[in-house]
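Participant: Sequence:
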Amino acid sequence: MNDNYPVPWRLLTVVLLLLLCQGCAVVTESTVITPPIRSLFAGTYAADPFMAKNMPKTVAVLPFVNEAESQRGSEEVRRGFYNHFSSLPFADMQIQRVDSLLRKADLMGDPKELAKKTPQELGKILGVDAVVYGTVSNFDKLFLALYSQVSVGADVKMYDTKTGHFLWSGKHTARIHEGGISTNPVGIVAVVIATSLNMRDIQLLRACDDLFRDMVQTIPVPSLAEALRPPSITLLTQDTKNLPKKAGDEIKVVLQGTPKMMASFSIGDYRKHIDMQETEPGWYLGTYRVVPGDNVRQAIITGRLALANDPGNFSEWVDAVGTVSLKTTPPDAPANVATVGRDRIVQLRWNKSSDPDLAGYRVYRSATPLSGYVEVAKTEFTEFTDRDPSLRNGTAYYYQITAVDLAGNESTRKGAVAGMPVAPGPTPVSGIIEADTTWHAGASPYVLEGPVTVRDQAVLTIQPGTEIRSKDATLTVEGRLMARGDSEHIIVFDTAQEGKMWPGIRFRNVKDKVNALSYVRIRNARRAVDCEASSPVVESSELTENDTAFRASGAFSIPRLLKSRVARNRQSAVVAVDGAGPLVADNAIEDNLNAGILVERASPVVQRNSISRNLGSGIVVAGGNPSITENNVSDNRPFNALAPASGDPVMARGNWWGSAKGLDVLAGVQGKVDVQSILGSPWPGGKSLDLPVLSSRIGGRITSDAYLIQSNSPYTVTSDVILDGGAVLTIERGVTVRFDQNTALVAENGGVIARGTRDLPILFTASGASPSPGFYASAFRMTKPTAVNSAFSWCIVKYAETAFDIHFGSPEISHCHVAENSQCGIYCRNDASPRIFYNTFTGNRGEGAVKCVGTSRPLIQRNNFERNEVAIQSFSSLYIDARQNWWGKSPPDMRMIFGDPEKNVNIRPWLERPEPDAFREPK
184 MNDNYPVPWR LLTVVLLLLL CQGCAVVTES TVITPPIRSL FAGTYAADPF
234 MAKNMPKTVA VLPFVNEAES QRGSEEVRRG FYNHFSSLPF ADMQIQRVDS
284 LLRKADLMGD PKELAKKTPQ ELGKILGVDA VVYGTVSNFD KLFLALYSQV
334 SVGADVKMYD TKTGHFLWSG KHTARIHEGG ISTNPVGIVA VVIATSLNMR
384 DIQLLRACDD LFRDMVQTIP VPSLAEALRP PSITLLTQDT KNLPKKAGDE
434 IKVVLQGTPK MMASFSIGDY RKHIDMQETE PGWYLGTYRV VPGDNVRQAI
484 ITGRLALAND PGNFSEWVDA VGTVSLKTTP PDAPANVATV GRDRIVQLRW
534 NKSSDPDLAG YRVYRSATPL SGYVEVAKTE FTEFTDRDPS LRNGTAYYYQ
584 ITAVDLAGNE STRKGAVAGM PVAPGPTPVS GIIEADTTWH AGASPYVLEG
634 PVTVRDQAVL TIQPGTEIRS KDATLTVEGR LMARGDSEHI IVFDTAQEGK
684 MWPGIRFRNV KDKVNALSYV RIRNARRAVD CEASSPVVES SELTENDTAF
734 RASGAFSIPR LLKSRVARNR QSAVVAVDGA GPLVADNAIE DNLNAGILVE
784 RASPVVQRNS ISRNLGSGIV VAGGNPSITE NNVSDNRPFN ALAPASGDPV
834 MARGNWWGSA KGLDVLAGVQ GKVDVQSILG SPWPGGKSLD LPVLSSRIGG
884 RITSDAYLIQ SNSPYTVTSD VILDGGAVLT IERGVTVRFD QNTALVAENG
934 GVIARGTRDL PILFTASGAS PSPGFYASAF RMTKPTAVNS AFSWCIVKYA
984 ETAFDIHFGS PEISHCHVAE NSQCGIYCRN DASPRIFYNT FTGNRGEGAV
1034 KCVGTSRPLI QRNNFERNEV AIQSFSSLYI DARQNWWGKS PPDMRMIFGD
1084 PEKNVNIRPW LERPEPDAFR EPK
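Position one of the sequence shown corresponds to residue 184 (my numbering), numbered consecutively onward.
For the record, the hints were derived by calculation from the structure and aren't laboratory data. Any given hint could be a false lead.
Claimed, not checked - Have a look at the derived ranges for each label pair, beta carbon to beta carbon:
{"#": "1", "residue 1": "Arg820", "residue 2": "Gly598", "range": "46 to 56 Å"}
{"#": "2", "residue 1": "Arg884", "residue 2": "Ala974", "range": "50 to 60 Å"}
{"#": "3", "residue 1": "Thr578", "residue 2": "Asp282", "range": "23 to 33 Å"}
{"#": "4", "residue 1": "Asp655", "residue 2": "Asp942", "range": "32 to 42 Å"}
{"#": "5", "residue 1": "Asp1014", "residue 2": "Thr901", "range": "44 to 54 Å"}
{"#": "6", "residue 1": "Arg751", "residue 2": "Gly476", "range": "21 to 31 Å"}
{"#": "7", "residue 1": "Arg454", "residue 2": "Asp282", "range": "41 to 51 Å"}
{"#": "8", "residue 1": "Glu681", "residue 2": "Val559", "range": "36 to 46 Å"}
{"#": "9", "residue 1": "Gly598", "residue 2": "Ser864", "range": "45 to 55 Å"}
{"#": "10", "residue 1": "Asn925", "residue 2": "Ser878", "range": "34 to 44 Å"}
For glycine and all other residues, C-beta sits at the position ideal for the given N, C-alpha and C.
Generate coordinates for the entire structure from the input sequences, incorporating the hints supplied.
Facilitator: Written as structure tokens, this is what we have:
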């Protein structure tokens, strides 16, 4: 007989002898146990009269709450109650069905939270007439040799799901003190019981039996129930010991109950109503042979006993302490098997199997790649070190790894991976590599004593964990370089000479040959990765503390820089030049001492990068057609993006620029960079926001904030632009605004913010091909009182009739050059009080540079007035402060001052020489 199923009488004889030695055992034909010593506890029961008139037909037993000191027991006690309750003439819902519906409703996490749900709520979810709540109050076990004590207590209540009315409750605690096992079952039935139930399971089942046998009899049942009472079941067990079974294995199930009935069992919902045979009166045995394709996890065995002449009258009983798992599909073979050779040993590692029933791994080795494999190890870990004394340095060995599950299924053997023991480093290298070569981690460091060139047909493979040090020598790749480390075994390239740089890795004319660097760290190189007409893939790597980290040049260069960290490099970190089209994606390009990305006459794709804290701007475009999307670009100095002020705009829509405010975004961008749409928060969570950027031809009424940006410049004003409704028109530095005849920017209830820079001033001029003074009405006319401020700085305003016509308000006009206007530079009316600082007024005709009427009171200081018809006219009733200005000469020509210096315009003291900080249009 199989050793896994010992002869039952032999086991029972041993138990009998041990008990006889105790001196207190009683032996009969049917028992070999010590007499039970039960401490009866009078349970309490209650049934509400409401139940008699509202008898439920369908009942669900909910998961029990565990308030016992033991961490387990709630599910076993619940199943024990269900088994006895199922003998009553109710249509009880199977436990698996109850749990499935509760799981769909997200209520299977904590039974205590479930118990807070009302019967009505649970009735809607489960579709039953009544629900049973339960609380486990005791679950104590003590086992000493052949003596055991089990205490199980529960408080059970039933409620109507339509009204929430209480129906019935029972509370009881059962305690059992005993040892041994009944020997009534014989033959294979006894074998199943002996192998499936240890003493703890037996006592738990018997305690639950004592706890609920009488309790459920106190539940009122429908009339005529006795006449229709179904068969009774007292025991159900199976022999899997909660271990999965593979194809060919057998599962044996034993059920004890009323004799001469129809018996069957089900494996969850997977296999239903498998026939059982009555081997002895009241003892039923069923067998299921696992076949290929059977796969189910932790299914509950349910036994059924039915009247032979009335199959619809039956009882069901679930296995309260065990589940069944069938597994005929072997695990997948371990992936990513890698080897590292060291001195007379080979280290192997692989990815962990995801199989939930994993038992371990087997390692096979051969001296040849296709045959001759023998098992050399079993392990539960994802690594193994082969220390066989027969291993020799420089000799290749081949390995296969399989995964084995708890059922004994073994995965296929996928291919073979080579491993070679090697002598320890350092290993000097130089010269030409013309045949396939591997650099081993165990021979590290490899020292580049001189230039190393991988020729066209050769492949240099570098193992994970290898270190390469250079003595000012280049690694040039004309063929293929496969340097693939992993997260725990980085491949390191660095200088061999402290304080000195090394040239780096140069790919030369490899074009689309497969070259790959992953989990590589390159430091202290002049150009860490230099791609000349080459397209390698650099992924999950670190390029730090180099001069340039990554450079691509030439039309055949389409390399990829992915998921890498590019930081603390001294020059522009990522460079694309001369027609290259690299993909730069998912990288952290941060803290570099110059530009993060530099583009010169190239077309890189820049996506999903974090580009921040770079000191030479985040992205610099000096020609080319880059695509810049879904990046997080912020905190770079001086700009997040920098492009030429002329030519086609750089497309940079759909990025996060550190702010969702248009002014902040524009402040970080210089040149023709198209940022008409931005992300409202960092990618990937940021949603797209459209900035209200106006097209290049403008006119009409504007009632919400809008922008004029360099990427759409120059703008042409085709009719008056009227700002109303509190709208602010923001003009980015470097923008040119051209006015058709008789047009102006008019502020009614709105304003203009036009802040250029000394290097990128904003230009307001005529749209004509040969402009002349008076071509258009005004650059800015403020016609109504408004709470919206306006400001102009670093602007050039030319060829208007009146450059600034200020009827009301206090706009700031500073660092502007106001020139060649036909009537006036700045006209101050009514009670206007503009602040006019550091401007240059030249060539203004008619009424000159500044005219003040009404009760206007401008503040005019630190300006230069040169070659105007009149410098200032004051007809204001208020005293005008015009001190500290250069009036073209010192002392001023008083013919240029219209107004009484003593009464309505104060020009003293004046400047002795031109104000150096006043802005003048660059020549």
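Participant: Decide, hint by hint, whether the structure agrees.
Facilitator: Structure-based check of all given hints:
1. Arg820 with Gly598: 46 to 56 Å: holds, 52 Å
2. Arg884 with Ala974: 50 to 60 Å: Given a distance of about 22 Å, which is not inside 50 to 60 Å, the answer is violated.
3. Thr578 with Asp282: 23 to 33 Å: Since the Cβ atoms of Thr578 and Asp282 sit about 58 Å apart, the hinted range of 23 to 33 Å is violated.
4. Asp655 with Asp942: 32 to 42 Å: holds, 41 Å
5. Asp1014 with Thr901: 44 to 54 Å: violated, 32 Å
6. Arg751 with Gly476: 21 to 31 Å: violated, 58 Å
7. Arg454 with Asp282: 41 to 51 Å: Violated - the Cβ-Cβ distance for Arg454 and Asp282, about 19 Å, lies outside 41 to 51 Å.
8. Glu681 with Val559: 36 to 46 Å: For Val559 against Glu681, whose Cβ atoms are near 43 Å apart, the range 36 to 46 Å holds.
9. Gly598 with Ser864: 45 to 55 Å: The hinted range 45 to 55 Å holds for Gly598 and Ser864, with Cβ atoms some 46 Å apart.
10. Asn925 with Ser878: 34 to 44 Å: violated, 21 Å
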